[in-house]
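Q: Letter by letter, the chains look like this.
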Amino acid sequence: MAARGHVQDPNDRRLRPIYDYLDNGNNKMAIQQADKLLKKHKDLHCAKVLKAIGLQRTGKQDEAFALAQEVATLEPTDDNSLQALTILYREMHRPELVTKLYEAAVRKVPSSEEYHSHLFMAYARVGEYKKMQQAGMTLYKIVPKNPYYFWSVMSLVMQAISAQDKKLSQTMFLPLAERMVEKMVKEEKIEAEAEVQLYYMILERLGKYVEALEVVRGQLGEKLTSELQSRENKCMSLYKQLERWPECNALSCKLLLKNPDDWQFYMSYFDSLFHLIDQGWEPPSEGEHCSEGEVRSSVAQAIAFVEERLAVEEAKETRPLRGPFLARLELIRRLRARGCPEEQELGEPLELMFQYFIKFGDKPCCISDLKIYLDLLTTDHHFINRLMETVPLSEPQDDGVALPGDTRALQRHLCVAQLSRALGLHHALDTTGKLDLIRQLKSHYRHGLQFGKSCLKTELQFSDMYCLLASHVYIDLWAETGDETMLWQCLGLLEEGLSHSSSNAQFKLLLILLFCRMGAFEPVVDLYSSLDAKHVQHDTIGFLLTRYAESLGQFAAASQSCNFSLRFFHSNQKDTSEYIIQAYKYGAFEKIPEFIAFRSRLNRSLHFAQVRTERMLLDLFLEADLSSSLEDNVKSMGLCPEEDDIPWTDMRDNRDLTVLTSWDPADRQLSEEQRSFSLQEELLWLKVRFLTLRLVGTLAVLSHPPTPRNAEKAAENGVVAKPDILRPLLDQLNTTLQNGAQFLERGVQYPFLGPSPTRLAHALASGSCHCQVLAFQLAAYVQELDAAALEETTEVQTQISNSFKSLLIQLKEILNKCKGDLLEVKEGQCKTQPTLLENLVFFVETVCVVHWVSCFCAGVLRPLKASLQKRKKKKKEPISMVVFSGFQEFTAGLQSLFSEVLDHIKGQETSLTALKLGELTLEEWTVSHLAAYKQRGGREPLSPMSRDGLFMCLDQQDWE
Amino acid sequence: MLGSKMTTLRAFTCDDLFKFNNINLDPLTETYGIPFYLQYLAHWPEYFIVAEAPGGELMGYIMGKAEGSVAREEWHGHVTALSVAPEFRRLGLAAKLMELLEEISERKGGFFVDLFVRVSNQVAVNMYKQLGYSVYRTVIEYYSASNGEPDEDAYDMRKALSRDTEKKSIIPLPHPVRPEDIE
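Residue numbers (full-length UniProt numbering), protein chains in the order written: chain A, 1 to 960; chain B, 1 to 183.
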């Protein structure tokens with residue numbers, strides 16, 4: 001932990017046991033040891049801080065903080081105390097206090113390089129760029145080391161990056177940074193690569209590309225050696241900025257001659273080529289074309305250049321490079337787009353792609369290479385037929401399927417199948433055609449398993465992708481016909497695939513998706529955990545789990561998966577700050593803005609906002625009963641209903657929506673438009689949930705209206721008098737629901753393998769949203785009643801009584817939408833009805849809201865009734881209070897509704913148990929299936945019926 | 001077989017962490033915590049290289065560092081992680097990425113390049129042998145298993161760079177070592 005090397009200091013010896021206890025996680029002993037030490041040595045401040053660390057780690061934050069402040073106010077200057085306090089403040093997430101600490105320390109010891117350097121880093125941790133700039137210069141004056149000077153320069157760059165006023169960046173911060181570097185250049189004091197890198201960064205941000213080019217190409221540029229091709233890459237980027245197309249052209253060609261496989265330079269070559277043509281560029285009559293050498297600026301030269309690269313590859317004994325062959329297709333595409341007839345000189349795309357397949361068809365990447373150029377083809381069938389003729393296959397077997405004899409032939413055949421799909425040929429088949437295709441793909445899949453008998457558990461089978469292709473065709477069939485048997489077959493096939501290739505992530509991902517869509521969440525938990533998704537993957541694929549856990553009634557699993565993600569997001573802030581500091585230390589200046597942007601990308605993550613909101617809602621739902629108080633729960637989660645802290649306008653969608661492999665044709669792939677629709681939908685639903693959460697929070701605040709008498713006490717508890725927030729929030733919720741309904745009218749569809757729709761559509765259809773709005777509306781009326789003089793409440797009383805009645809009716813309507821069998825089994829065919837389950841969950845969530853509103857009502861009505869009775873005793877004029885009888889009827893109605901729900905759930909359990917028992921009898925369907933599997937001699941795959949998880953059940957929810 | 005990777009090779013950036021699932025969902029590829037990646041990016045950015053396909057997919061990446069004492073002739077390049085997505089295997093991409101790491105280590109004046117690999121990962125061990133690496137020593141129980149299975153040994157494999165003219169750095173140790181004995 002802290003410096004422990006100085007054996008000469010007796011305090012170090014005394015403190016060591018405490019450090020050891022803390023390092024070993026034995027916080028209690030650390031505290032005891034510190035106490036013991038402090039009895040003898042009262043002034044050993046560090047012992048106090050170490051004790052505070054122990055307290056902090058055992059959850060006694062307040063005590064820890066008080067103790068730390070005792071030491072901090074003494075402004076310590078000993079290493080041990082300073083370092084221990086730094087650790088403590090970091091653990092407390094109070095990095096700003098570290099700056100105070102070292103500000104005091106350098107005041108007392110103004111010549112200490114170490115403390116000044118700590119002060120700089122403390123500022124860096126909190127992003128105090130201006131103070132960093134000064135701290136860096138102070139350091140440089142004490143010890144004239146270059147890094148300190150450049151820390152100060154970089155702090156200016158950071159001021160420029162973070163400035164709201166971009167003009168200020170361009171006219172003040174960056175020019176100042178530039179002058180600071182220029183001074184060092186003039187004095188010939190530039191030492192390190194990092195310093196040149198920073199100079200380049202400044203010039204680039206100033207738009208001084210000419211100057212930047214001079215630096216990179218000049219003597220200073222010679223220092224740019226760590227990164228490969230660093231100078232060339234920088235020049236290329238500057239040429240593009242400066243639109244110096246001749247240089248861009250010449251440099252691209254030079255680099256391609258060196259490495260004819262580097263794709264980015266084909267792109268920059270072709271870009272420059274067409275710019276030069278459009279500009280009518282002519283080479284100078286004498287001398288070099290440009291500072292980078294020869295320019296190839298005509299279509300003829302470009303064709304010749306590509307042909308030359310191809311000739312070199314063709315002449316090779318070894319396997320040729322793929323780059324030139326694909327570059328030819330790329331050039332054809334670009335020429336065709338411009339309507340250049342010269343395109344034909346390069347050849348017929350079909351023929352060229354055919355040749356490409358001959359050369360590279362046995363590589364798994366052949367499909368991803370060719371799929372980019374499929375739009376150049378005019379006759380798809382002809383292409384596929386020609387490819388197929390070249391694949392060496394056996395004579396057709398009994399089932400009419402001809403099979404490959406080795407893995408290379410298999411890979412070629414697989415590639416043709418993938419290309420057929422990408423060309424839309426699978427989609428064009430009718431039902432019989434598709435079923436036959438599935439039969440063939442399965443046959444290839446199972447036959448191909450023999451090549452992978454020696455594969456390790458961690459390797460994939462050679463024929464796995466056939467299995468995935470067949471699954472995709474099953475899904476097509478289901479989407480077309482609505483025949484759910486196809487999905488059941490698909491589940492069976494994927495389970496079979498997984499039994500032979502247990503680490504195939506694509507099988508798992510698709511199984512997860514299918515189980516979720518069919519309403520069975522339980523198997524998903526194991527499948528997802530076997531993917532071993534961690535850290536940043538929570539942000540990119542965590543949605544696979546969180547989207548369905550709650551909506552399918554798995555509240556505990558939902559809460560857990562939100563927690564996994566939240567833990568990741570919460571550690572991010574602290575983690576990234578440390579590495580920003582490291583980047584200063586190692587002079588990785590270009591990484592500093594990158595790390596900051598990365599941190600912001602995570603903080604603004606859609607998934608982060610979602611799991612934060614859902615986690616709080618789940619906590620409340622799970623605690624919704626009479627024995628626990630909503631107020632306490634809301635307070636303990638620090639929910640502040642009047643605060644909207646979600647960065648709505650600048651949300652980052654970090655979901656990896658293409659994580660599931662798809663070979664669908666381009667027009668069926670997830671489009672940019674669909675992506676943005678999906679984000680819009682997610683945001684709408686998030687807003688609904690967030691507003692619901694805040695409304696529930698408002699109920700908690702309103703339940704304790706601070707009367708003048710206890711206002712002070714209430715303020716102490718953190719419950720402060722609020723302006724009316726219930727109504728505005730309710731209005732917002734209504735607007736959002738309207739926006740949601742409008743969005744749904746568009747009927748946006750996503751590819752099956754792309755994003756799932758949100759719960760929005762089902763929530764609206766179930767009626768739960770409107771029922772919840774009604775409940776909150778009721779709370780608003782009751783609030784009104786509470787505020788009004790009793791004599792003037794006739795109207796609001798009527799509204800309240802009507803709301804009671806409508807609430808009961810609406811709840812009943814939702815419940816009716818939950819009725820039916822979750823799993824229907826008829827004549828050996830299974831049909832799932834996940835919507836019933838989802839509606840039941842909406843019902844439960846709505847009941848929770850109604851429960852809180854009812855408690856709120858009771859809280860207002862009870863004292864009202866009491867005061868009315870007092871009034872009666874004084875024999876004043878009687879006031880009719882229909883709300884009381886209305887409330888009684890309402891609660892009685894709720895009681896009977898709940899017993900109906902419980903009967904319904906018990907009924908579901910009974911019928912599912914009956915199905916389980918029914919499975920024990922050997923039906924013809926099962927027998928024939930098992931027989932078929934055994935015939936193939938394979939292990940018995942898990943039939944989807946036997947997966948426990950199919951039996952969906954709600955977590956026990958105590959809302960009686 | 002070497003060289004047909006047809007690729008854009010560039011520096012790995014933080015944004016790539018959001019796109020590397022097709023590589024990292026492999027059972028032998030570890031997804032580390034953010035601090036681990038940031039540490040490498042802050043300290044050895046030039047050693048963290050990603051390969052991108054023409055379609056924009058990430059194909060694979062290599063992550064490494066330079067460490068060791070120059071005086072003791074132990075200054076060397078180290079391969080921390082190397083992984084290629086299933087779709088882009090059998091193209092020689094891993095070899096190309098290794099070549100780049102070796103070249104960077106040459107420029108830094110390293111004596112050798114080393115890496116650790118599971119003894120069970122025969123595919124990788126053979127590939128490294130083909131690339132000129134040899135087993136320098138076995139590290140006992142270097143890889144800790146999580147699910148009750150026994151911990152696994154690692155090979156520490158090395159390849160001498162031109163600075164080590166007599167190839168002293170790769171002379172195999174006669175006995176296996178324990179993880180706590182390595183630096």
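These are calculated hints, taken from the structure and not from any lab test. We put the beta carbon where it would ideally sit given N, CA and C, even for glycine. Any given hint could turn out to be false.
Now the stretches of chain B that chain A is said to cover, found in silico as 3 or more residues with beta-carbon under 8 Å [as the list claims (entries may be wrong)]: (1) 10-23; (2) 73-82; (3) 91-104.
Simulated pairs of lysine-lysine, DSS-like, Cα-Cα distance not exceeding 30 Å [stated by the list, open to error]: (4) A/371 with B/108; (5) A/145 with B/19; (6) A/240 with A/183; (7) A/145 with A/240.
Q: If you test the structure against every hint from before, which numbers come out violated?
A: 2, 4, 5, 7
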